Amino acid sequence: MIINVEGLKKRYKKQMVLKGIDMKVDSPQIIALVGPNGSGKTTLLNCMTNLLSFNEGQVELLEKKHTDSSLFHEVSYLQDNRILYGSLTGYDHLKFICSVQKLPTSKIKEVAERVGMESYLKKRVRNYSLGMKQHLLLAMVIINEPRLLLMDEPLNGLDPTSAINMRRILLELHDEGTTIMVSSHNLDEIDRLTNTIYFMKDGALLKESLEDFSTKKYLLTVSEVERAKVILEEQEVPFTVNKDYQIGFEDTVVDVQTFIDRLNENDISIQDIEIQKIGAEKRYRELFEQELSS
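Residue numbers (UniProt numbering): 1 to 294.
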C-alpha cells in the first residue's frame, strides 16, 4: 500500500477541518486533490507528512507509519515558497538537500537542467520570480528520486511553457514508478495529468474518475469564421468562438463529423482541429456550484 489514510480528523479550536478522511492508493499513479480555498487540502497534506498533528485516525505511507524517519528518504513534499530562504541561492538550497539526503552534489547540475533553472541557479532567491521559485521547489523535491511525491499547488505562478515542462516532468516521474499526489486549482492541467481526482468538500473527500464525466471539446480553425457563424446559427448548431477565432463545440452537443460536413457543404475549409478534454472543471462546477455563485 502506497498511501493508507483511515479516519483522519483534524480540529482547529471548535472547527472540524478534516472530518474522517479515508484514502487508499495501492499502485503507482497520479492523483489530483481539488477543492476551494480553505477546504482543507493543505491541512491534509501537512498531516500526512507529519508537519501537523491530528486528532484522530492514522496515516501510513509506503507501508510505514507517517512518523517513521526513514520515510524522509522516500517521500518528498513540495510546499509553498515560504520555506525558501531569500538570502541563499538556489544552489545553496539544493546543496543542503544533498547533504541531508546523503546525495552527491553532482545531482544538482542534473536536476537544475531537468527543471530548466541552470541560468539562475546561483542567484539569491530574493531575486527570483514566482515561477523561478516554483522551479527551485520542484528541483528540491525530485533530486532524491522519491517513491512518493506530494505537491501543494506546484503549478502556481508558472507561465504556459513552464507549466508544460512541469507536466512533462511529472509524467516522466510517474513512468519511472513514482506515485504523485497534486493539489491544484489548475483544472485544465489536471485534465492533462490524470483521471483520478479527490474532491475536498466540507472537510470530506470524494473520489471521482474523470472518465465518468469527461467530454471532448473540438476547436476548429476555418477559412471564413463569420460566414461559418451565420451558417451554424441558421442550422441551430450550438458553438462558441474564442479569442483566437476558433469555433468550438462539445461532442455531447453535436457529432463532430456532422459539424464538419455542414461546413464543407458550404465550401468552408477546415484548416486545423484541436481536441481538448473537459472533465475536472465540469465536475468541479457540479460539486461547488454554490461557492462559484456566491
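Mixed in with the good hints, there may be bad ones.
To be verified - Below, computed lysine-lysine pairings styled on BS3-like, alpha-carbon distance capped at 27 Å:
#1 Lys-229 x Lys-41
#2 Lys-201 x Lys-229
#3 Lys-13 x Lys-201
#4 Lys-207 x Lys-217
Said to hold, decoys possible - Distance ranges between label pairs, derived from CB positions:
#5 Leu-88 x Val-256: 50 to 58 Å
#6 Lys-24 x Ile-260: 19 to 27 Å
#7 Asn-242 x Thr-67: 19 to 27 Å
#8 Asn-156 x Tyr-12: 35 to 43 Å
#9 Lys-24 x Glu-234: 49 to 57 Å
#10 Glu-265 x Asn-37: 33 to 41 Å
Hints in this document: simulated from the structure, not taken from any laboratory.
Predicted, not measured: the structure shown is a model, and the values here were computed from it.
Positions of the beta carbon are idealized from the N, C-alpha and C atoms, including for glycine.
### Query
Which hints from the list above does the structure break, by number from lowest to highest?
Hints 1, 2, 6, 7, 8 and 10 contradicted; others consistent.
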